[in-house]
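J.: Each chain, letter by letter, is given below.
2 protein chains.
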Amino acid sequence: MKILVDAMGGDNAPKEIVKGCVEAVKSAEDFEILLLGDKQQIEDLLTTYRYSGNRISIRHTTEVITNNEAPTKAIKEKKDSSIVVGFQMLKEKLGDVFISAGSTGALMTGALFLLGRIRGVNRPALTPVVPSLSGGTVIADAGMNTTCKPINYMQFALMGKTYIEMVLGKNNPRIGLVNVGSEEEKGLPIIKQVNTLLKESNFNFIGNIEGNDIATGKVDVAVCDGFTGNVMLKMMEGSGKYMSNGLKKVFTANIVSKLAYMMLKSNFEVFKKSLDPNEFGGTPILGVNGIVYKCHGSCNFKAIKNTVLNSIELAKKNFIDRIREEIKELEVNNIGDVEI
Amino acid sequence: MKILVDAMGGDNAPKEIVKGCVEAVKSAEDFEILLLGDKQQIEDLLTTYRYSGNRISIRHTTEVITNNEAPTKAIKEKKDSSIVVGFQMLKEKLGDVFISAGSTGALMTGALFLLGRIRGVNRPALTPVVPSLSGGTVIADAGMNTTCKPINYMQFALMGKTYIEMVLGKNNPRIGLVNVGSEEEKGLPIIKQVNTLLKESNFNFIGNIEGNDIATGKVDVAVCDGFTGNVMLKMMEGSGKYMSNGLKKVFTANIVSKLAYMMLKSNFEVFKKSLDPNEFGGTPILGVNGIVYKCHGSCNFKAIKNTVLNSIELAKKNFIDRIREEIKELEVNNIGDVEI
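Taken in order, these protein sequences are the chains called A and B. Counting the first sequence from 1 gives a position; the numbering used here is that position plus 410. Counting the second sequence from 1 gives a position; the numbering used here is that position plus 410.
The following block holds chain A by itself, in its conformation from the complex (with noise of 0.2 Å):
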């Protein structure tokens, strides 16, 4: 198995982006990784973190798409770049996934262009794991479709089912759709019409659910648009950084707290990386020909090796072959059909 890296792509890279490689290499067996971008300053990376195995390579590339970049024309225009590369070696299954942590734009831009759509996805959704008491839930759409139509929030359901089931290892996931309170008869029309589609399908569906249900763990999926999705996932992000500022207040006020801090700190810590995005690694791009993972901008090595060891656990079970299967099922199942 091979894991195409894109070294140049977020705020640490390629610094990063190859130590985490390595430690991945490290931690697991089975798989190589090509590095993509500038091949002496990988190299003097791998010298720095000391990897002389022959499981990593480079394949060097001359350009990089920054964030700042209309994407649609940055994947047009730069054909060496390290996100136009991974995509064409992904296409011609040169490799079996493809991480970045480059710009989201130019990589959803890059999955649908470049790799193109799962036949029968109407729209391909980003769809984190955000922290829950029930272990990790799955937010889909968080960020690729701003609005949607029915078929699309039944597709998010899809994907994010079968994605929280290979990746967890949860078992009938139980789905959500995000909305203004629970009642049925409240919030937006759309969110009625995709209330009956739910409920009318063999996923394990259990109604409407609001903002809270989600970090509380009442669902593992949890169904929305991707504006929806998007400014949940930016506002759990706010509290968490909320809450940190003011326990290392809490932590820090005298010497005693210091002291108390002190002994608290190995469970603490504990605490602090089931809220770490780095431990959860990257979010997939689901609904496109190919596993494809896009790593926060400012993650480190830790979100790197996490997703490669992800990764892997998708292209080993065939991942893209049960989407594309399950999608013609959805469509048997008639909900395909329905006015979108």
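Each hint should be verified, as a subset may be incorrect.
Unchecked claim - Below 30 Å or equal to it, Euclidean Cα-Cα: the simulated DSBU-like pairs (lysine-lysine) are: (1) Lys-602(B) / Lys-602(A); (2) Lys-425(B) / Lys-488(B); (3) Lys-559(B) / Lys-602(A); (4) Lys-659(B) / Lys-683(A); (5) Lys-659(A) / Lys-668(B); (6) Lys-425(B) / Lys-580(A); (7) Lys-412(A) / Lys-726(A); (8) Lys-609(B) / Lys-596(A); (9) Lys-602(B) / Lys-559(A); (10) Lys-712(B) / Lys-727(B); (11) Lys-675(A) / Lys-488(B); (12) Lys-483(A) / Lys-596(B); (13) Lys-412(B) / Lys-726(B); (14) Lys-483(B) / Lys-602(A); (15) Lys-596(A) / Lys-675(B); (16) Lys-727(B) / Lys-668(A); (17) Lys-712(B) / Lys-651(A); (18) Lys-675(B) / Lys-651(A); (19) Lys-659(A) / Lys-683(A); (20) Lys-683(A) / Lys-712(B); (21) Lys-486(A) / Lys-602(B); (22) Lys-675(A) / Lys-726(B); (23) Lys-609(B) / Lys-651(A); (24) Lys-726(B) / Lys-658(A); (25) Lys-712(A) / Lys-658(B); (26) Lys-596(B) / Lys-501(A); (27) Lys-683(B) / Lys-668(B); (28) Lys-488(A) / Lys-659(B); (29) Lys-659(B) / Lys-712(A); (30) Lys-609(B) / Lys-682(A); (31) Lys-488(B) / Lys-651(A); (32) Lys-675(A) / Lys-559(B); (33) Lys-675(A) / Lys-609(B); (34) Lys-651(A) / Lys-682(B).
Unchecked claim - Some chain B residues near chain A, calculated using beta-carbon distances under 8 Å: (35) Val-435; (36) Ser-544; (37) Gly-553; (38) Thr-557; (39) Ser-592; (40) Asn-622.
The set of hints was computed from the structure by calculation and includes no laboratory data. Where a beta carbon is used, it is the ideal one built from N, C-alpha and C, also for glycine.
Following the hints, put chain B in place on chain A, whose structure we already have.
T.: Frame of chain A; chain B shown alone:
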């Protein structure tokens, strides 16, 4: 000044409501409270809380509107409910403020149909203050309007701004427009339209914001439609629950942790207080002809007390007149005339 308080609304009514009112009159002068609800129950509770002064009186009502009733029907039919009587008295200037922890639907409906909108206000808004690193941020709207026109966003900005000026004493509040990504070209078409309007306005508009900018206090007023606002508000609630659950585990893991917690307790309580929605008090319904506060259904006496005290500030500063004038000005500035 007379504050009308629904004694029968919410999960902890009438107990916590009456207790909150007793605490409020003990903590400040210059106002009296009229409790609406079952006379016998209220009298018994006043005895329990040892209140025998003359600043709390009772208006006996025989009906209660529950959360399970259709709001419009309930408001029409239950003429002697604490909510309907409260709105009627506020309308007839027999009180300066109306506070209730009862059905949100009934309160929104009652505010709209019994009090009516302030002339020029297109849609009222629910505008809670949420904890943020800048000392509290208003979300406008957080649930009254699931879909909005540009004029609604502009008026939410105006009402939110005036509210936070009066209640938190913030000068020239920073206003942000909730979007996916801060770039102007991103997001829904309506957001782009509103962005242009806000830039041309006299508001202290700092641009598009993301969900994380709320808790981190980048803005004082986060403007959005009520679907987005409600989901964000609830997401924050859920994140808080996740955090407190995790911290509880850390603090109670073993004897050493428990001891450490005792050492941190006083500082931790201060932090916890900053997160307690009861400390912020209720959420106003802005844009109607009267000062109306909705308290959380599960609120305790502290929320009632704090809501009474906040509402007095608004009433003293002639909040409704100020909104009336500013809405006119917003129209004069030609923003009311744009295509809506």
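J.: Indicate, hint by hint, whether the structure satisfies it.
T.: Cross-check of the supplied hints:
A C-alpha spacing of about 27 Å is found between Lys-602(B) and Lys-602(A), which places the hinted pair at or below 30 Å, so the restraint holds. Distance restraint check for Lys-425(B) and Lys-488(B): the Cα-Cα separation of roughly 22 Å lies within the 30 Å cut-off, and the hinted pair is therefore satisfied. Taking the CA atoms of Lys-559(B) and Lys-602(A), the gap is about 21 Å. The hint holds against a cut of 30 Å. Using a Cα cut-off of 30 Å, the hinted pair Lys-659(B) and Lys-683(A) holds, with the two alpha carbons roughly 14 Å apart.
For a cut-off of 30 Å, the pair hint linking Lys-659(A) to Lys-668(B) stands: about 19 Å separates their Cα positions. Between the alpha carbons of Lys-425(B) and Lys-580(A) the distance comes to roughly 43 Å, so the proposed pair goes past 30 Å and is violated. Taken as a hint, the Lys-412(A) and Lys-726(A) pair is honoured in the structure, with Cα atoms around 11 Å apart against an allowance of 30 Å. Between Lys-609(B) and Lys-596(A), the direct Cα distance comes to roughly 33 Å. Violation of the 30 Å bound is thereby established for this hinted pair.
For a cut-off of 30 Å, the pair hint linking Lys-602(B) to Lys-559(A) stands: about 21 Å separates their Cα positions. Proposed proximity of Lys-712(B) and Lys-727(B) is supported: the alpha carbons are some 23 Å apart, at most 30 Å. Taking the CA atoms of Lys-675(A) and Lys-488(B), the gap is about 57 Å. The hint is violated against a cut of 30 Å. Distance restraint check for Lys-483(A) and Lys-596(B): the Cα-Cα separation of roughly 16 Å lies within the 30 Å cut-off, and the hinted pair is therefore satisfied.
A distance of roughly 11 Å separates the Cα atoms of Lys-412(B) and Lys-726(B); the hinted pair therefore holds under the 30 Å criterion. Between the alpha carbons of Lys-483(B) and Lys-602(A) the distance comes to roughly 22 Å, so the proposed pair stays at or under 30 Å and holds. This hinted pair does not check out: Lys-596(A) and Lys-675(B) have alpha carbons roughly 42 Å apart, beyond 30 Å. Proximity of Lys-727(B) to Lys-668(A) is assessed by CA-CA distance (about 44 Å); at most 30 Å being required, the pair is judged violated.
A C-alpha spacing of about 26 Å is found between Lys-712(B) and Lys-651(A), which places the hinted pair at or below 30 Å, so the restraint holds. For the hint linking Lys-675(B) to Lys-651(A), the alpha-carbon distance of about 21 Å falls within 30 Å, and the restraint holds. Restraint check for Lys-659(A) and Lys-683(A): the C-alpha separation of about 19 Å stays at or below 30 Å, so the hint holds. The straight-line distance between the Cα atoms of Lys-683(A) and Lys-712(B) is roughly 34 Å, outside the 30 Å bound, and the hint therefore fails.
The straight-line distance between the Cα atoms of Lys-486(A) and Lys-602(B) is roughly 26 Å, inside the 30 Å bound, and the hint therefore holds. For the suggested pair Lys-675(A) and Lys-726(B), the alpha carbons sit about 49 Å apart, so the restraint of at most 30 Å is broken. Distance hint between Lys-609(B) and Lys-651(A) is fulfilled; the C-alpha atoms sit about 29 Å from each other, no more than 30 Å. Taken as a hint, the Lys-726(B) and Lys-658(A) pair is broken in the structure, with Cα atoms around 38 Å apart against an allowance of 30 Å.
Taken as a hint, the Lys-712(A) and Lys-658(B) pair is honoured in the structure, with Cα atoms around 27 Å apart against an allowance of 30 Å. Restraint check: the Cα-Cα separation between Lys-596(B) and Lys-501(A) comes to about 28 Å, which is no more than 30 Å; the hinted pair holds. The straight-line distance between the Cα atoms of Lys-683(B) and Lys-668(B) is roughly 20 Å, inside the 30 Å bound, and the hint therefore holds. Under the criterion of a C-alpha separation no larger than 30 Å, the hint pairing Lys-488(A) with Lys-659(B) is inconsistent with the structure, at around 50 Å.
For the hint pairing Lys-659(B) with Lys-712(A), the CA-to-CA distance comes to about 25 Å; that is within 30 Å, so the pair holds. Between Lys-609(B) and Lys-682(A) the CA atoms are separated by roughly 40 Å; this puts the pair beyond 30 Å, and the hint is violated. Of the supplied pair hints, the one linking Lys-488(B) and Lys-651(A) is violated, its CA atoms being roughly 46 Å apart against a limit of 30 Å. A threshold of 30 Å between alpha carbons decides the hint, and for Lys-675(A) with Lys-559(B) the separation of about 50 Å lies outside it, so the pair is violated.
Taken as a hint, the Lys-675(A) and Lys-609(B) pair is broken in the structure, with Cα atoms around 47 Å apart against an allowance of 30 Å. Our distance criterion of 30 Å between C-alpha atoms is met by Lys-651(A) and Lys-682(B), whose separation comes to about 15 Å. With 8 Å as the threshold, the beta carbon of Val-435(B) stays out of range of chain A, its nearest partner Cβ sitting at about 32 Å, so the hint is violated. Violation of the interface hint for Ser-544(B) is found here, the shortest Cβ-Cβ separation to chain A being roughly 10 Å, above the 8 Å cut-off.
Hint on Gly-553(B) holds. Least Cβ distance to chain A is approximately 6 Å, under the 8 Å limit. Interface restraint check: Thr-557(B) against chain A, minimum CB-CB distance 7 Å, threshold 8 Å, status holds. With a cut of 8 Å, the hint placing Ser-592(B) at the interface with chain A is violated, because the nearest CB-to-CB distance is about 10 Å. For Asn-622(B), the shortest C-beta to C-beta distance to chain A is roughly 3 Å, which falls under 8 Å, so the interface hint holds.
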